[in-house]
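S.K.: Modelling step: build the complete structure from the supplied sequences, incorporating the hints.
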Amino acid sequence: METYLFVLFAVIAIASALGMILNKSTVNSALMLVINLVTLSGIYLLLNAQFLALIQILVYAGAIMVLFLFVIMLLNVDDEESLFAKFRVKYFIAFLLGSVIFAQILYSIGGAAELLPEISSDMLEAGTVEALGDVLYTDFLFTFEMTAILLTAAVVGALMLAQFQVKKDEDSE
Amino acid sequence: MVGIDWYLALSAILFTIGAIGVLIRRNAIVVFMCVELMLNAVNLSLISFSAFHGDVTGQILVFFSLSVAAAEAVVGLAIIISIFRNNLSVDITKVNLLRW
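Here the protein sequences come in this chain order: A and B. The numbers in the first sequence follow our numbering, run straight up by one, and end at 175. The numbers in the second sequence follow our numbering, run straight up by one, and end at 205.
Derived from the structure by calculation, the hints contain no laboratory data. Since the structure is predicted, the reported quantities are computational estimates derived from the model, not experimental observations. Just to be clear, a hint being listed does not mean it is correct.
Here are some chain B residues the structure puts well away from chain A; computed CB gaps all over 12 angstroms [to be verified]:
1. 201
2. 203
3. 204
Part of the chain A face toward chain B, derived, beta carbon under 8 angstroms [claimed, not checked]:
4. 16
5. 20
6. 23
7. 32
8. 35
9. 42
10. 61
11. 73
12. 133
13. 137
14. 149
We treat Cβ as the ideally placed atom computed from N, Cα and C, and that holds for glycine.
M.R.: In structure tokens:
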């Protein structure tokens, strides 16, 4: 059953990722990415990471992708000319580079695969909110607070970037 | 039982697709989404390592990577909007602010 689910999720994830980068329409790309994120969340559940599977859907598929769709709709840019209209050297180099990176990663996985241990029995409890929160608020408390500062800085920075032009126009008038 | 190598292979494939997308797409928003895809591929490998080693630290790292991705998306989209205001385009080949 687990193998069947993994193969199903993996095929959907790869297909939607390919669909995302090959789609001409930006909105369709965003929707493909949502499918990809949801299937990845299913894979997290297979790996007993319940909390992160939930967070994946809430934060990524919910918050971040809505932000992306909002910006796409706001800017109304849906006019990228067909992707492979004319063959360019740039695309060939991109494909070559991607294949080389891919082959390199696969090779290193093949080397390491036999050395890795099997899943341990105490892992069944490790993905829950309690287990994660226990470590998060003790060992990683400082990092957690740094995250809070980072997110605050990001919000302030986004406000600055969005406001800047408007303020300048008001001054010049 | 699916071994860790399958999860890592899926992660590698997704990361590669994301990297190719960053290289071939010209729409800045799609490039951003490809970066998100790459971040997710790394998250997947972190979680599979965490699951197969029985260590919760990998999942904590994914938590932080999620928050960094959220911050990056907010700031990045704000930058894209301000570029669009100046250029009326989000085509990254037409942006030459840092080019000399």
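S.K.: Are the hints correct? Go through all of them and say.
M.R.: Here is what the structure says about each hint:
1. 201: holds (16 angstroms)
2. 203: holds (16 angstroms)
3. 204: The claim holds: residue 204 of chain B sits with its nearest Cβ about 16 angstroms from chain A, beyond 12 angstroms.
4. 16: Result: holds, 6 angstroms to nearest chain B Cβ.
5. 20: This interface hint holds because 6 angstroms falls under the 8 angstroms limit.
6. 23: Residue 23 of chain A check passes; min Cβ-Cβ to chain B is 3 angstroms, inside 8 angstroms.
7. 32: holds (6 angstroms)
8. 35: holds (5 angstroms)
9. 42: holds (6 angstroms)
10. 61: holds (6 angstroms)
11. 73: holds (5 angstroms)
12. 133: holds (6 angstroms)
13. 137: holds (5 angstroms)
14. 149: With Cβ-Cβ at 5 angstroms, under 8 angstroms, it holds.
Violated hints: none; the structure is consistent with every hint.
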